[in-house]
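Asks: Given only the sequences and the hints, what does the whole structure look like? Please build it.
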Amino acid sequence: MELSKKTSGLGLSALLLVGAVSVHADENLLGYTQGAETLPQGTSEAYMWLTHKGEKRRGDYSRQEMRLEYEYGLRNDLTVAAYLNGYRHDYDCGAGCAGAIGDEEISGSRNQFRLSGFSLEAKKMLLSPYKDDLGVALYGEVTYDTIDSITGERGDGFELEGKVIFQKPYMDGQLQWVTNLEIEAESWKPQGGRSEYAIAPRLRTGVSYRFTENWNIGFEGWGDVEMLNPAGGSWEFDHWDVFAGPSIHYGSQSWWATLSAVTQIAGSNEANGNATGQHLADHEKNEIRIKMGYNF
Amino acid sequence: MKQIPHLLLVPAAMMIVHPAFAQEYLSVTQAQKVLFAEADKFVETPILLTDKQRDTIESNAGVSQRWKKQDIWRAEKNGHLLGWFIVDNVIGKHEFITYATALLPDGKVKGVEIMVYKETRGGQIMEESWRKTLIGKTLADPFKLDKDVPNISGATLSCRNVMNGVKRLLVLQKLLLATE
Chain A
0 MELSKKTSGL
10 GLSALLLVGA
20 VSVHADENLL
30 GYTQGAETLP
40 QGTSEAYMWL
50 THKGEKRRGD
60 YSRQEMRLEY
70 EYGLRNDLTV
80 AAYLNGYRHD
90 YDCGAGCAGA
100 IGDEEISGSR
110 NQFRLSGFSL
120 EAKKMLLSPY
130 KDDLGVALYG
140 EVTYDTIDSI
150 TGERGDGFEL
160 EGKVIFQKPY
170 MDGQLQWVTN
180 LEIEAESWKP
190 QGGRSEYAIA
200 PRLRTGVSYR
210 FTENWNIGFE
220 GWGDVEMLNP
230 AGGSWEFDHW
240 DVFAGPSIHY
250 GSQSWWATLS
260 AVTQIAGSNE
270 ANGNATGQHL
280 ADHEKNEIRI
290 KMGYNF
Chain B
0 MKQIPHLLLV
10 PAAMMIVHPA
20 FAQEYLSVTQ
30 AQKVLFAEAD
40 KFVETPILLT
50 DKQRDTIESN
60 AGVSQRWKKQ
70 DIWRAEKNGH
80 LLGWFIVDNV
90 IGKHEFITYA
100 TALLPDGKVK
110 GVEIMVYKET
120 RGGQIMEESW
130 RKTLIGKTLA
140 DPFKLDKDVP
150 NISGATLSCR
160 NVMNGVKRLL
170 VLQKLLLATE
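If you read the sequences in order, they're chains A and B.
Residue numbers 0 to 295, in numbering that gives the first Met the number 0, belong to the letters of the first sequence in order.
Residue numbers 0 to 179, in numbering that gives the first Met the number 0, belong to the letters of the second sequence in order.
Worth double-checking, as some hints may not be accurate.
Said to hold, decoys possible - Derived DSSO-like pairs (lysine-lysine); straight-line CA-CA distance at most 27 Å:
1) A:Lys130 with B:Lys117
2) A:Lys167 with B:Lys143
3) B:Lys76 with B:Lys117
4) B:Lys146 with A:Lys130
Hints listed in this document are in silico derivations from the structure and should not be mistaken for laboratory results.
Replies: Put into structure tokens, the structure is as follows:
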């Protein structure tokens, strides 16, 4: 695959992962799939996100994505938020952690943490999951990034993300079903290189069940497809992938935390001859995410 | 696979050790005195519901009757029935909300008191201004948020479940409790 030769292509695709670390309003029952509720007017919430991603096709690769978020209820049905984003990379890939032999991607080594940029978000609740039975919300986010999330190399990236969020409570709210329809559009310009563009639609869905007071268990999954327009090229299919895994959530009066672990169930191979059934250039085999929120 | 950084383990540990704080605002005795101040006697008459009775309540109320046992007191004055005092639990955002409902023999809500509330937001649900919107309600009322019962932003689930709980208790009264 031609794309797999290009670091810049990886960087652009990596920005999609920033979108995968998409921002949330109100308490998050699941690690990745977002609910439809917004904060009450005049109230605030601070979040901390840590996402560990590990295991490529070869070599020794891991990274952590970190986000600090401040969220504010502008109106009862409108929440805004600002984020500070950073990455820690720790890999030793030699000739390349992904791609076909002789056509490797993600080469060399790196071990460093750097702040990468910021995000701004707005979320508008159209229907309340508890007042209208089916909750519906619209979500928009813009991100500026200076770090390639996969390789850690410098560049400039912009991302726009939109979502339609659905949330359906069952059993008086003891069981929640949430689904997000998402679309991301972004650009990435590596240092000294030319801009590339990508579009990725995604479908996430999951359920969360409160098995005892304060505690929920859940399961979620998603699939996405990325279309890429490389520098000097034209729009082409890049890859698809499917992730799924369990989560556990604790919520108390003043704070909450969610721990999720997902694995790549399936994906398009990033190069011919790699018949593993996973896409390991832009994604990894496993992810673990911890989110914590504090209400004030 | 690289080892997960120890930093990731900190919030996980916090999830395990964080204690829960209960906030009890009224005991059963206190709630009885508030809701039936004129009563001189409360006769404990709990009901153990059959599965069929629970199904009937659910089909009439539109919400499930979670508990097989319902704690009920008969409020009396000079041996005459003033009404029914019922303690119930409904799901809040994180924990159960314990509340007491006073029902008159003719199937009207006399009053509602929140006994235990432990949620982050929605403390207004304990204020009289919200609770009094349930007074006088009968099964003929819609029991719909922002229609006949106001919603409290940030505590919509609590409002809905307490409101629906009161409706469910009215159904239970109609089906199983005496009028005299």
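Asks: All hints are to be evaluated individually against the structure, with a verdict given for each.
Replies: Hints versus structure:
1. Proposed proximity of Lys130 (chain A) and Lys117 (chain B) is supported: the alpha carbons are some 21 Å apart, at most 27 Å.
2. Distance check on the hinted pair: Lys167 (chain A) and Lys143 (chain B) sit about 17 Å apart at the alpha-carbon level, within 27 Å; holds.
3. Among the hinted pairs, Lys76 (chain B) with Lys117 (chain B) is inconsistent with the structure: their alpha-carbon atoms are about 34 Å apart, more than 27 Å.
4. At roughly 10 Å between alpha-carbon atoms, Lys146 (chain B) and Lys130 (chain A) fall within 27 Å of each other, so this suggested pair holds.
When the structure is compared with the earlier hints, a violation turns up for hint 3 alone.
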